[in-house]
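2 protein chains.
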Amino acid sequence: MIKASIISIGNEILSGQTVDTNASYLSTKLFLIGVPVVSSYTIGDDIDSIVRVLSLASGDADVVLTTGGLGPTDDDLTRQGLAKFLNTELRLQSELLQRIEDFFTRRNVQMPERNKVQAYIPSGAKALANKLGSAPGIWAERKGKVLVALPGVPSEMKQIFEESVLPELKRLTKASGQVGTVIRKLKCFGAGESAIAELLGSLCQRGRNPLINCTVEHGVITLHIVATAEENDSAQKMAEKDEGLLCNILGKLVYGTDEQTLAEVVGQKLAQQKKTIAVAESCTGGALAKLITDVPGSSKYFTHGWVTYSNDAKTVELGVGADLIARYGAVSGQVAEAMAQGCRNRAETDYAIGITGIAGPTGGSQQKPVGLVYISVDSDGGCETQQFIFSHGRASIRLRAAQTALNMLRLRLWID
Amino acid sequence: MIKASIISIGNEILSGQTVDTNASYLSTKLFLIGVPVVSSYTIGDDIDSIVRVLSLASGDADVVLTTGGLGPTDDDLTRQGLAKFLNTELRLQSELLQRIEDFFTRRNVQMPERNKVQAYIPSGAKALANKLGSAPGIWAERKGKVLVALPGVPSEMKQIFEESVLPELKRLTKASGQVGTVIRKLKCFGAGESAIAELLGSLCQRGRNPLINCTVEHGVITLHIVATAEENDSAQKMAEKDEGLLCNILGKLVYGTDEQTLAEVVGQKLAQQKKTIAVAESCTGGALAKLITDVPGSSKYFTHGWVTYSNDAKTVELGVGADLIARYGAVSGQVAEAMAQGCRNRAETDYAIGITGIAGPTGGSQQKPVGLVYISVDSDGGCETQQFIFSHGRASIRLRAAQTALNMLRLRLWID
Chain L
1 MIKASIISIG
11 NEILSGQTVD
21 TNASYLSTKL
31 FLIGVPVVSS
41 YTIGDDIDSI
51 VRVLSLASGD
61 ADVVLTTGGL
71 GPTDDDLTRQ
81 GLAKFLNTEL
91 RLQSELLQRI
101 EDFFTRRNVQ
111 MPERNKVQAY
121 IPSGAKALAN
131 KLGSAPGIWA
141 ERKGKVLVAL
151 PGVPSEMKQI
161 FEESVLPELK
171 RLTKASGQVG
181 TVIRKLKCFG
191 AGESAIAELL
201 GSLCQRGRNP
211 LINCTVEHGV
221 ITLHIVATAE
231 ENDSAQKMAE
241 KDEGLLCNIL
251 GKLVYGTDEQ
261 TLAEVVGQKL
271 AQQKKTIAVA
281 ESCTGGALAK
291 LITDVPGSSK
301 YFTHGWVTYS
311 NDAKTVELGV
321 GADLIARYGA
331 VSGQVAEAMA
341 QGCRNRAETD
351 YAIGITGIAG
361 PTGGSQQKPV
371 GLVYISVDSD
381 GGCETQQFIF
391 SHGRASIRLR
401 AAQTALNMLR
411 LRLWID
Chain G
1 MIKASIISIG
11 NEILSGQTVD
21 TNASYLSTKL
31 FLIGVPVVSS
41 YTIGDDIDSI
51 VRVLSLASGD
61 ADVVLTTGGL
71 GPTDDDLTRQ
81 GLAKFLNTEL
91 RLQSELLQRI
101 EDFFTRRNVQ
111 MPERNKVQAY
121 IPSGAKALAN
131 KLGSAPGIWA
141 ERKGKVLVAL
151 PGVPSEMKQI
161 FEESVLPELK
171 RLTKASGQVG
181 TVIRKLKCFG
191 AGESAIAELL
201 GSLCQRGRNP
211 LINCTVEHGV
221 ITLHIVATAE
231 ENDSAQKMAE
241 KDEGLLCNIL
251 GKLVYGTDEQ
261 TLAEVVGQKL
271 AQQKKTIAVA
281 ESCTGGALAK
291 LITDVPGSSK
301 YFTHGWVTYS
311 NDAKTVELGV
321 GADLIARYGA
331 VSGQVAEAMA
341 QGCRNRAETD
351 YAIGITGIAG
361 PTGGSQQKPV
371 GLVYISVDSD
381 GGCETQQFIF
391 SHGRASIRLR
401 AAQTALNMLR
411 LRLWID
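Respectively, the protein sequence lines represent chains L and G. All the letters of the first sequence, read from the start, carry residue numbers 1 to 416 under our numbering. All the letters of the second sequence, read from the start, carry residue numbers 1 to 416 under our numbering.
Derived from the structure by calculation, the hints contain no laboratory data. Glycine residues also receive a C-beta, built at the ideal position from the N, C-alpha and C atoms. Wrong hints could be hidden among the right ones.
Said to hold, decoys possible - Restraint ranges, calculated between C-beta atoms of paired labels, are given here:
| # | chain 1 | residue 1 | chain 2 | residue 2 | range |
| --- | --- | --- | --- | --- | --- |
| 1 | G | A271 | L | E168 | 55 to 61 Å |
| 2 | G | R91 | L | S155 | 22 to 28 Å |
| 3 | G | W414 | L | E240 | 56 to 62 Å |
| 4 | L | C383 | G | A271 | 48 to 54 Å |
Take the sequences, apply the hints, and build the full model.
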């Protein structure tokens with residue numbers, strides 16, 4: 001099996017000034033053609049580090065991809081590092097120089113003298129055309145290993161990778177009889193990572209094929225079903241079979257697939273059923289309305305949102321009784337319910353959501369701690385109110401509350 | 001000089017499913033206390049890889065930080081890897097188990113059995129309290145090297161790092177007499193990266209000390225002033241001098257420092273002046289209210305938000321004339337103005353903002369393209385309306401519109 005290793009080169013990545021998205025892009029692309037990335041390194045702009053890590057990476061893998069360090073300035077040292085590792089010299093390729101000059105000419109600029117260094121590549125290596133910038137990529141081979149150097153600018157890196165590298169790698173994997181990795185994703189909401197792992201039991205075992213990986217982000221659990229087989233079709237079937245299995249076990253916890261958000265799934269259902277929704281928010285401060293309207297076309301079903309941050313706003317805009325607030329407090333199930341009902345009343349929609357809670361960091365008490373949130377969903381089917389205690393700070397509490405409201409609405413939509 | 005190396009552990013990072021932001025966060029934090037990160041590794045959930053890379057990283061550096069692999073599931077193997085590398089056993093710490101059980105109890109949940117593994121840490125190592133989740137961090141030492149394991153969930157990783165790791169590392173660097181890099185950040189809004197670079201001219205040259213780096217995110221330009229000197233005081237003075245220089249050149253484009261957001265700066269000013277604000281949004285769909293209420297304590301000045309997505313909502317809730325909408329269209333300067341004025345009227349606040357526009361991807365026309373947004377700010381000082389054309393898709397258009405509204409309010413607050 002052909003394996004890959006990725007090296008990100010640049011002081012700006014090492015010092016944290018730039019988040020490296022190139023490695024993740026390359027990993028995904030390689031994974032999809034059945035080439036697992038077995039290691040990934042980040043190093044600074046330094047020839048010795050480059051040589052050392054090229055050596056480590058070629059120990060790990062058959063294909064080594066580097067990004068960064070191909071620019072025209074003094075701190076761009078990937079060319080030199082690669083040549084040193086290959087035990088060869090940099091040579092000026094006049095054809096390549098012409099291409100770089102043309103790149104500047106097309107933009108009505110004379111090539112700065114320093115860009116000439118970009119036409120030097122290790123002797124015996126091949127230049128890969130860069131259609132978006134002046135830095136060509138480099139393809140080299142050594143002792144049966146493939147070494148590919150790509151520029152660090154994401155758009156240029158992607159263009160060269162997709163046009164010149166990917167087809168070659170596909171050819172290699174095909175020649176080695178390696179095919180067939182299929183990934184399917186199931187999106188879940190409403191239970192924690194460990195609870196889901198417990199439900200799935202041995203399905204999550206390491207080394208199983210399909211492999212089932214679990215990632216969490218803001219309460220959304222994504223299950224990645226990674227099936228590998230010699231034939232793409234078989235991998236596809238294995239993944240589909242597992243998807244069915246997981247859906248059966250997890251039931252209503254599964255809300256969608258791939259990159260779907262809760263707001264998209266809820267929005268589709270509302271649009272299908274030709275229903276409308278309005279929301280009344282306190283502690284989430286607009287986050288719920290924002291999630292709903294993140295979805296293109298949401299104006300079909302979303303009509304009104306209120307952010308009633310003050311008690312006065314709750315009373316005047318939504319008709320929440322001042323006596324109710326005085327008796328139970330603004331953060332109470334009673335007020336959440338009155339907000340949802342008042343909201344539906346006022347907006348004349350089929351569904352309405354009311355949220356009130358304490359996002360923190362201050363404002364909590366023994367009885368009502370930071371993170372306490374009440375959410376009500378109101379429809380002709382009745383008004384349902386639930387109490388939650390969220391954690392992880394203000395931003396997370398707000399987002400989790402908004403997501404949980406969407407999830408309550410989702411479950412309600414499947415019943416109503 | 002104390003150097004650091006970072007190891008990111010997780011199949012989801014290696015396969016590209018998750019972009020690793022932890023490494024960049026840690027790099028920045030370490031850089032600020034004068035600890036350069038000299039290498040960074042990403043590996044999968046595999047004990048042998050963990051041991052191998054722990055060995056490489058401790059060869060590179062004095063402090064090795066790992067993130068990820070401390071969860072409760074079978075693919076969380078950092079504890080085992082660390083113990084193997086340290087040549088020791090995992091031991092149950094009953095005190096730690098109690099803390100993890102308490103974490104669940106506080107959330108009214110019984111601890112799932114599998115979370116018990118999180119109470120096992122290598123013999124001789126120290127647990128680092130996790131206040132936001134169930135995975136404790138681990139601090140171990142071996143042959144003069146420090147090894148720190150942190151969870152992969154960014155909020156938990158940051159909490160543990162800032163509370164338990166950073167102070168210890170500061171102590172170490174102080175003891176080793178290591179000083180001298182000071183970074184100051186200036187946050188700007190209202191001009192593009194190249195316009196700012198042109199204003200700054202030779203100040204942005206590479207190799208200059210202080211070095212001035214520029215990063216861009218959602219229209220916010222951050223200028224990083226990185227001053228290096230043998231004494232911390234001198235670096236501090238150099239950075240401050242440059243900060244003054246940049247502020248003079250950029251004037252009102254600079255809105256704050258460090259991690260300040262536009263919403264924080266505007267909020268501080270409103271709180272100081274004891275003024276209130278309400279907002280009425282159409283295309284931004286709650287994104288502006290959310291930005292304002294992201295700020296803790298925003299209930300002091302923020303009272304009401306309306307998301308009037310339908311025309312009807314604009315008329316009934318804000319009193320925007322149906323004839324006005326019919327004559328000029330819902331996306332017009334006239335309607336933005338009427339929204340702002342209606343909003344201020346209704347909420348009885350000192351300031352109000354109205355936003356209407358076309359976020360796309362559909363709904364645009366020749367006359368009114370996708371990205372067209374009108375923003376009005378209303379106060380006793382009058383009502384100011386501006387037209388913008390934003391780009392880069394729905395999410396970016398919405399966020400840029402909300403940020404631009406805050407910037408208009410900021411400039412107004414400094415005049416009023």
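Hint by hint, here is what the structure shows:
1. G:A271 x L:E168: 55 to 61 Å: This hint holds: roughly 60 Å between Cβ atoms.
2. G:R91 x L:S155: 22 to 28 Å: violated, 50 Å
3. G:W414 x L:E240: 56 to 62 Å: Hint holds: Cβ distance 60 Å, inside 56 to 62 Å.
4. L:C383 x G:A271: 48 to 54 Å: Violated, at about 36 Å.
Violated hints for the displayed structure, listed by number in ascending order: 2 and 4.
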